[in-house]
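Assemble the whole structure, with the sequences as input and the hints as a guide.
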Amino acid sequence: MQIKQFGIGKDLRELTDHHTALLPMACYQTEIRSHVQGYVPLHWHEEVQFVLIVKGEPPFYELQASCRLTEIWRNLIMNGLEPEYDQAEQLKSVRMKEMLDWIHAHYADKVTLEAIAAAGALSRSECCRYFKRMLKTTPMNYVTDYRLQKSKLMLRQSDLSVTEVAYLNGFSSTSNYIERFRQSAKTTPLAYRKRLKPE
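The sequence shown begins at 1 in the UniProt record's numbering and counts up one residue at a time.
Fair warning: there could be bad hints in the mix.
[As the list claims (entries may be wrong)] Restraint ranges, calculated between C-beta atoms of paired labels, are given here:
{"id": "1", "residue 1": "S184", "residue 2": "K132", "range": "36 to 46 Å"}
{"id": "2", "residue 1": "S125", "residue 2": "R195", "range": "37 to 47 Å"}
{"id": "3", "residue 1": "T163", "residue 2": "R133", "range": "32 to 42 Å"}
{"id": "4", "residue 1": "E126", "residue 2": "S184", "range": "20 to 30 Å"}
{"id": "5", "residue 1": "Q90", "residue 2": "K10", "range": "25 to 35 Å"}
{"id": "6", "residue 1": "Q157", "residue 2": "K10", "range": "17 to 27 Å"}
{"id": "7", "residue 1": "G9", "residue 2": "A185", "range": "31 to 41 Å"}
{"id": "8", "residue 1": "S158", "residue 2": "K10", "range": "47 to 57 Å"}
{"id": "9", "residue 1": "E179", "residue 2": "R133", "range": "56 to 66 Å"}
{"id": "10", "residue 1": "E114", "residue 2": "G9", "range": "36 to 46 Å"}
{"id": "11", "residue 1": "E179", "residue 2": "I72", "range": "43 to 53 Å"}
{"id": "12", "residue 1": "C67", "residue 2": "A108", "range": "46 to 56 Å"}
{"id": "13", "residue 1": "S66", "residue 2": "T163", "range": "47 to 57 Å"}
Please keep in mind that the hints were generated in silico from the structure rather than gathered at the bench. Idealized CB from N, CA, C, for every residue including glycine.
Next up, the structure:
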């Protein structure tokens with residue numbers, strides 16, 4: 001994915017999401033000279049960003065980067081900065097992890113909103129708010145997306161029929177699976193397998 005534009009708010013915060021519900025990170029390449037300004041503008045975001053320069057690095061750039069990182073750590077230690085932990089936010093993260101762990105363990109079974117909420121010791125409405133706030137999706141949409149990702153792996157790595165793949169990944173019927181797959185991948189499971197499965 002080639003990134004050429006940075007949407008930046010008035011507070012210099014980058015407006016682009018760096019993660020998805022299934023993959024909490026972004027990986028992309030960009031050429032600085034291709035930006036309108038000829039450089040990446042000053043910006044910030046909540047995620048830690050690692051930048052790999054694959055062209056045009058100066059001599060001994062590794063040492064320079066190491067020195068900069070050491071200087072950052074020295075300043076943090078000397079100024080006595082300690083990480084701040086919000087207990088309420090920590091509890092939310094723990095509950096979110098418990099719900100996701102439950103989904104990952106039971107996605108092939110019948111999954112209900114009540115069961116997901118119970119895994120996080122939450123009400124159904126509070127469970128929905130957690131998913132909306134943290135993952136920008138609903139609990140049941142997350143389940144469907146996770147099932148589809150697992151089914152794609154089976155399509156690539158096994159000779160199971162589409163019907164078998166559907167039921168092994170928790171879909172109630174083959175037709176429902178094909179429809180959900182088409183909505184997500186813009187193709188059918190069989191066409192996906194033919195295109196990606198090695199001969």
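Hint check:
1. S184 with K132: 36 to 46 Å: Violated, at about 20 Å.
2. S125 with R195: 37 to 47 Å: Since S125 and R195 have Cβ atoms about 41 Å apart, the given range 37 to 47 Å holds.
3. T163 with R133: 32 to 42 Å: Cβ of T163 to Cβ of R133: about 37 Å, so the range 32 to 42 Å holds.
4. E126 with S184: 20 to 30 Å: Given a distance of about 27 Å, which is inside 20 to 30 Å, the answer is holds.
5. Q90 with K10: 25 to 35 Å: 30 Å Cβ-Cβ, so the 25 to 35 Å window holds.
6. Q157 with K10: 17 to 27 Å: Given range 17 to 27 Å: violated, Cβ gap about 48 Å.
7. G9 with A185: 31 to 41 Å: Given about 33 Å between the Cβ atoms, the range holds.
8. S158 with K10: 47 to 57 Å: Given a distance of about 51 Å, which is inside 47 to 57 Å, the answer is holds.
9. E179 with R133: 56 to 66 Å: Violated, since E179 and R133 (Cβ atoms, about 29 Å apart) do not stay within the stated range.
10. E114 with G9: 36 to 46 Å: Because 38 Å falls inside the window, the suggested range holds.
11. E179 with I72: 43 to 53 Å: holds (51 Å)
12. C67 with A108: 46 to 56 Å: holds (51 Å)
13. S66 with T163: 47 to 57 Å: For T163 against S66, whose Cβ atoms are near 55 Å apart, the range 47 to 57 Å holds.
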